[in-house]
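Chains A and B are the protein sequences, given in the same order.
Note that the first sequence covers residues 1 to 289 in our numbering.
Note that the second sequence covers residues 1001 to 1267 in our numbering.
Hints may contain errors.
With a straight-line cut-off of 25 Å between C-alpha atoms, the simulated DSS-like cross-links for lysine-lysine are [unchecked claim]:
no. : chain 1 : residue 1 : chain 2 : residue 2
1   : A       : K202      : B       : K1211
2   : B       : K1114     : B       : K1154
3   : B       : K1211     : B       : K1154
4   : B       : K1154     : A       : K184
5   : B       : K1228     : A       : K202
6   : A       : K267      : A       : K94
7   : A       : K202      : A       : K184
8   : B       : K1107     : A       : K94
Source of the hints: derived by calculation from the structure; they are not laboratory data.
These numbers come from a predicted model, not from an experiment.
One letter stands for each residue in the lines below.
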Amino acid sequence: MQNVEMQSSSPDVPVVGQSVGGLEAPVPKARSRRRGNRRTWPFVGAYLPVTVLVVWQGVCSLQLVVPAILPSPIQIADAFIQLTRTGELLADLKISLIRVILGFLLGAGLGLICGILAGMYRRFEEIVDPTVQMLRTIPHLAITPLFILWLGLGEWSKDVLIATGAFFPMYINTFMGIRSVDAKLFDVARVLQFSRLQQVSKLVLPAALPNLLLGLRLSIGVSWLGLVVAELLGSSSGVGYLILNAQQFSQTDVVFVGLIVFAAVGKLSDSLVRVLEHRLLRWRDSYTG
Amino acid sequence: MSDRQELVIRGLHKSFDTAQGPLQVLRDIHLQVPQGEFVAIIGPSGCGKSTLLRVIAGLDPDYDGDVTLDGERVQQPGVDKGFVFQEHRLFPWLTVAENIAANLSLKDRATREKVKQLIHLVHLDGFEQAYPRQLSGGMAQRVAIARALLRDPKVLLMDEPFGALDAFTRAHMQDVMLNVWLQNRTTVILVTHDIDEAIVLAQRVVVMRAKPGSVQTIVPVNLPYPRKRSDTRLLELRREVLRQLESHMVEYTPVSVPRDTERRRSY
């Protein structure tokens, strides 16, 4: 932290009515200096995967493995282009996306609401939290057969399965975020006469925001996990089904296409949250490595 | 008589419940502060001066006796009793201007105008968009003062607001504070453990003693502003306040450790 003020605080500062503030320089652009010292390599995150790809293609070109076990990157790219041309991949991706979004919104939304209530009201915590903690220990993928039994093979069973997974990280992190709000700031809120609503919107939520965003990220990750399980176990559409189907016909290249699509959309959704984090948490003074 | 007094404290008692039964922290406090006065409260640590301030603020409404502001009994905190805490307690996610406005909207023209004036008053022009982490301790505390002043409090309560600052910054802050008070003439009650701070700023210095917390004496400081810290009359007053403080310090002479235990401990 920079002590800009020291410039103006000498012992014999003019006592009354003088503009002492004139000596103070405006705030320097935050941490541009710290960044400037570091050499940045462009696309440093791409080095590792590119190397792996090159070696992989080399191994396949030398015919060291059977294509049905490990197709070459070029074969996979070919399969990708074909699946895209026929529109098959896009249709499956669309179905999968809708499932993930619905399930995530349902689960994370409920998790957020329950987390806020448990964080704000001790009574609610006492009633709900022990049950939640108990249910949390059940691997939610193990409940899949039950959901299929109860809700059938339609969309509902999949949405609910995804929602079940998405609920817990959001709930726990929201709750923890609220409980870690500095109690001293509540005194300030009382003196400034915050309304109950302002206490939540102007104090609790902003203070809990780092945890909320972490919950969001974890929740999205678990949502994709739930989707794959749901689609592998009982489905006739979606990217998960594409993979399962390809496996049965030994189309290993298509399996890889499915995996790559999952990796890409998973990374994309994670990046979205990180952009959000970067924008919303500018005020934080954390170690940046 | 009392309707002309802004803040009246009559027969204030306050105790805390502890494991060993109730502990009296304030006994029979009487104090009248007319509107616009600058009062400092000074005393050894544990004399209940911060508790007294919290009672006046309404943050601690569980007390015996009378505390009235403008004839109304103080029972809960509110914007009419502005409070500056020992630490700045700014919201780290809000900029300087947003912190001062806090729950008031900066979209409102009148608020925006007033925030701007206050930023100028506490010498923070150019820092409107800075976040608390970018400010020094003194600057952050000035934002906290501006935040309290924006609400036009009837009384501004300050709990050792400059205690955590280094000596130079503290002297500077005292000058800023005096300037603010001379321009606003808000009633100020400043709790401090710094004798010089009390006599340079206040019109009256309330000297408290501990166990239980009560008023030892009130020392008036009838000197014009601005006061020179080297003024001989101030030095005399300083000695007077110090004498009053020390008259009860006898209780705190350290108990000598028996030689026996001392020797054993060194092995």
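We went through each hint and held it up to the structure:
1. A hinted pair counts as satisfied when its Cα atoms are at most 25 Å apart, and K202 of chain A with K1211 of chain B does not qualify at roughly 40 Å.
2. A hinted pair counts as satisfied when its Cα atoms are at most 25 Å apart, and K1114 of chain B with K1154 of chain B qualifies at roughly 17 Å.
3. At roughly 31 Å between alpha-carbon atoms, K1211 of chain B and K1154 of chain B are farther apart than 25 Å, so this suggested pair is violated.
4. Of the supplied pair hints, the one linking K1154 of chain B and K184 of chain A holds, its CA atoms being roughly 23 Å apart against a limit of 25 Å.
5. Between the alpha carbons of K1228 of chain B and K202 of chain A the distance comes to roughly 43 Å, so the proposed pair goes past 25 Å and is violated.
6. Restraint check for K267 of chain A and K94 of chain A: satisfied, since their Cα atoms lie roughly 17 Å apart, inside the 25 Å limit.
7. At roughly 15 Å between alpha-carbon atoms, K202 of chain A and K184 of chain A fall within 25 Å of each other, so this suggested pair holds.
8. Restraint check for K1107 of chain B and K94 of chain A: the C-alpha separation of about 42 Å exceeds 25 Å, so the hint is violated.
Of the numbered hints listed earlier, those contradicted by the structure are 1, 3, 5, 8.
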